[in-house]
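Chains as they are written, first to last, in our numbering: chain A, 517 to 748; chain B, 517 to 748.
Read the hints as simulated data drawn from the structure, not as lab findings. Just so you know, nobody snuck in bad clues.
Remember, identical chains collapse to one label, so a pair may be satisfied in a single copy or spanning two.
Below 20 Å or equal to it, Euclidean Cα-Cα: the simulated EDC-like pairs (lysine to aspartate or glutamate) are:
id, residue 1, residue 2
1, Lys681, Glu665
2, Lys588, Glu665
3, Lys586, Glu665
4, Lys694, Glu728
5, Lys575, Glu557
6, Lys694, Glu665
7, Lys690, Glu665
2 protein chains.
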Amino acid sequence: MKTGVLYNIGVGPGDPELLTLKAVRIMRECPVIAIPQRKKEDCVAYQIAVQAVPEIAEKPCLCLHMPMTKDKNVLEACHKGAVKILEETLCQDQDVALLTLGDSTVYATALYLNERVKQDGIETCMVNGIPSFCAVAARLNLPLVSGAEQLHIIPASYQIEDALKLSGVKVLMKAASKMGDVKQTLLEGGYRTKMVERCGMDGERLFESTEEIPEDAGYYSLLIVRDGEKSE
Amino acid sequence: MKTGVLYNIGVGPGDPELLTLKAVRIMRECPVIAIPQRKKEDCVAYQIAVQAVPEIAEKPCLCLHMPMTKDKNVLEACHKGAVKILEETLCQDQDVALLTLGDSTVYATALYLNERVKQDGIETCMVNGIPSFCAVAARLNLPLVSGAEQLHIIPASYQIEDALKLSGVKVLMKAASKMGDVKQTLLEGGYRTKMVERCGMDGERLFESTEEIPEDAGYYSLLIVRDGEKSE
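Use the sequences and the hints to build the structure in full.
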């Protein structure tokens with residue numbers, strides 16, 4: 517049976533102009549769009565993509581329920597349901613463009629779906645987007661990493677003390693839910709921190725030092741941390 | 517005095533379709549192009565960009581001599597010379613698009629030029645490109661990093677033994693010059709390795725295990741390393 521291809525498309529972190537030519541072409545060519553959200557209106561990746569490629573609004577959109585939870589049973593049920601929905605369309609030989617915020621290979625929920633659809637013998641393809649940590653460095657007009665420095669990307673909703681001791685540049689992602697603790701740890705360690713909240717989106721805010729970081733920062737906040745005797 | 521803007525443009529790792537809409541627009545709008553190489557023919561970033569935006573071939577191109585050396589005096593002299601060339605054009609109120617392979621914020625030679633031009637009070641702007649490590653994961657159709665995993669980007673021309681012990685996914689960049697040693701270290705540690713050489717360029721090659729890695733791999737080789745009892 518001939519099946520369609522599942523394209524996992526990274527749409528970048530916010531600015532629609534950061535979409536790649538390839539992402540734009542494939543969204544135009546795919547007859548069906550899919551999003552990891554129940555409604556288009558709530559899906560940041562969709563809102564970015566539709567600004568760059570307005571015609572996707574005219575295409576059928578598969579809305580997949582992918583809640584943010586660490587409950588394995590709930591996740592398993594949702595992934596299974598989402599794969600079923602995707603495969604129904606793919607098995608009708610229709611290509612699907614599944615939209616992801618940032619890059620499709622970096623901490624994307626869609627990665628789990630990609631692996632399962634692949635395992636079921638259906639062709640899949642990843643299309644890169646600009647990852648948020650690169651966009652944040654560009655927004656700050658600063659190098660992310662240079663020379664012999666190492667770069668460490670740390671999902672900060674877990675333990676960060678040990679990660680901060682790593683040599684080189686540290687990027688803390690998903691720190692919002694415990695920003696008070698993160699800020700305290702950074703202050704005590706004398707790190708130099710820059711932060712961007714909602715990079716490239718409405719309501720974007722830049723913070724140039726650890727002291728400036730608000731404890732009520734939103735979900736789309738990313739910190740770039742360097743060692744230093746004190747914060748700049 | 518009104519001056520032009522220096523745009524640092526990441527052109528991605530090889531596939532011209534991975535250029536962003538923003539990079540394409542700015543290359544079209546800038547009257548002058550600059551490359552970190554003596555000749556267009558030798559400049560991979562230029563060769564990628566000109567495929568996506570053929571009209572840059574008609575624009576004047578500043579060819580900056582930026583040799584790959586660790587000799588600080590040579591580097592200092594070259595950076596100074598390159599900045600002088602860029603600023604001559606910028607001070608005539610002409611915008612310049614300086615092309616960089618991959619992302620402009622990640623290990624780019626152009627970062628040094630950007631900092632100096634900024635210090636001289638001239639406006640600069642970074643335009644992201646897809647970093648090579650994201651493109652390699654997409655090419656392999658595999659997650660780069662997911663869930664609670666950390667991601668470590670390691671310039672492998674230096675010591676790598678300690679870096680390999682880090683928890684999570686390790687990306688080794690610039691390993692080519694000592695690939696024999698790197699391969700030996702990976703084999704002894706029982707790591708699972710995937711490698712792509714010349715991702716998205718002519719002569720691209722994929723290697724699915726540590727054992728397959730050729731010791732004569734070229735400069736544009738990137739390894740994704742995971743812990744494991746043995747190589748896949």
